[in-house]
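From just these sequences and the hints, can you work out the full model?
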Amino acid sequence: MSQYNMALSSADLNSDGQPGQIAYENTYQLQPSSKFRNDKVRAIVDRILAKHLAKDVTYTRERGIELAKKMCSEILPEVKALEFDRYKYVVDVFVGEYIGQGIRIGSRAVWDVSTDNFVSCTFSNSHLFAAAIVFGVYFE
Amino acid sequence: MISAEEVTDEEKQAKEAERLARIFHPPEINDIISEVITEVVGQQTYHYSKVGEWHGNITEQVLQRLVGLGKGFKWIVTCVIMQKAGAGLHASHSCYWDAKTDGSVTYTYDNRTTNVVVQVHGVSI
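Those protein sequence lines, which keep their order, are chains A and B. Count the first sequence with my numbering and you get residues 1 to 140, in order. Count the second sequence with my numbering and you get residues 1001 to 1125, in order.
Any given hint might turn out to be false.
Here are the simulated SDA-like cross-link-like pairs (lysine to any residue), alpha carbons at most 25 Å apart as the crow flies [said to hold, decoys possible]:
id, chain 1, residue 1, chain 2, residue 2
1, B, Lys1050, A, Lys88
2, A, Lys88, A, Gln21
3, A, Lys70, B, Ala1099
4, B, Lys1050, A, Ala109
5, A, Lys70, A, Tyr59
6, B, Lys1071, B, Glu1028
7, B, Lys1084, B, Gly1042
8, A, Lys35, B, His1093
9, B, Lys1100, A, Tyr59
10, A, Lys88, B, Arg1065
11, B, Lys1084, B, Tyr1046
Here are the in silico distance ranges between beta carbons for each label pair [as the list claims (entries may be wrong)]:
id, chain 1, residue 1, chain 2, residue 2, range
12, A, Thr27, B, Leu1069, 26 to 32 Å
13, A, Ala23, B, Ala1085, 17 to 23 Å
14, B, Gln1064, A, Ser126, 47 to 53 Å
15, B, Pro1026, A, Arg47, 30 to 36 Å
16, B, Glu1035, A, Ser33, 39 to 45 Å
17, B, Asp1031, A, Pro77, 33 to 39 Å
18, B, Glu1053, A, Ile65, 48 to 54 Å
Every beta carbon over 10 Å from chain A, so not counted as near; a handful from chain B, in silico [as the list claims (entries may be wrong)]:
id, residue
19, Glu1010
20, Gln1043
21, Glu1060
22, Ala1087
23, Thr1108
The set of hints was computed from the structure by calculation and includes no laboratory data. Virtual Cβ for every residue (Gly too), placed ideally from N, Cα, C.
Written out as structure tokens, the structure reads:
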């Protein structure tokens, strides 16, 4: 009886008597039940880029700030709504003025290639460019 | 009955070190990025033929050193190298992850002709 009580108290309280961390059972799940689908995410990113960036849109500082924040904040909830199982997402959006300067944007990652993936889309006209990258990383 | 124990400074430091090993810790990552950029780009002038090489070297070396930290993290390194011509650049990111363990760092560097922005995202497994 006393051993059972001790087991209960050590699970629920840590040594200062404060509520401790809840211990979760194993899921025994090695692979996601629904994997990150590039085609579906690309459709979302393309649609949102096209919605905000018309062919003749020009660059101003305020517009650049607003576009970057808006596109970022719109892409994330739509990707979450696809409900891929146990995935974490990172959305990066770059918006810049184009005056003929050279620029290179790229990324590398160390992850599990069987579960994790990314989607990148770009837009450019004679005044500005935009690049959006969505990373989907499985939470093992 | 749980008895109170005296916790020494050493034990506190060991506990803190153990906690930091499990979470995303920006200062050590900032150090890694700044060392790599200074080594690869330094004060060199922007040239389109060198950018590919710089970009590859920066991302490769930052990634290798991050993996060398030995933490249980998946790392994503994004690098932007831009010629300084007075153009504006805006970067934003939004994330859906566990805020207690995961995090990101954005490091900017510039010399007379080049702007470099390196973003590191760390996602715990």
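Hint check:
no., hint, result
1, B:Lys1050 <-> A:Lys88, "violated (34 Å)"
2, A:Lys88 <-> A:Gln21, "holds (22 Å)"
3, A:Lys70 <-> B:Ala1099, "holds (22 Å)"
4, B:Lys1050 <-> A:Ala109, "holds (22 Å)"
5, A:Lys70 <-> A:Tyr59, "holds (15 Å)"
6, B:Lys1071 <-> B:Glu1028, "holds (12 Å)"
7, B:Lys1084 <-> B:Gly1042, "holds (15 Å)"
8, A:Lys35 <-> B:His1093, "holds (22 Å)"
9, B:Lys1100 <-> A:Tyr59, "violated (37 Å)"
10, A:Lys88 <-> B:Arg1065, "holds (23 Å)"
11, B:Lys1084 <-> B:Tyr1046, "holds (8 Å)"
12, A:Thr27 <-> B:Leu1069: 26 to 32 Å, "holds (27 Å)"
13, A:Ala23 <-> B:Ala1085: 17 to 23 Å, "violated (56 Å)"
14, B:Gln1064 <-> A:Ser126: 47 to 53 Å, "violated (39 Å)"
15, B:Pro1026 <-> A:Arg47: 30 to 36 Å, "holds (34 Å)"
16, B:Glu1035 <-> A:Ser33: 39 to 45 Å, "holds (42 Å)"
17, B:Asp1031 <-> A:Pro77: 33 to 39 Å, "holds (35 Å)"
18, B:Glu1053 <-> A:Ile65: 48 to 54 Å, "violated (32 Å)"
19, Glu1010, "holds (17 Å)"
20, Gln1043, "holds (18 Å)"
21, Glu1060, "violated (7 Å)"
22, Ala1087, "violated (4 Å)"
23, Thr1108, "holds (13 Å)"
In this structure, the earlier hints numbered 1, 9, 13, 14, 18, 21, 22 are contradicted, and the remaining ones agree with it.
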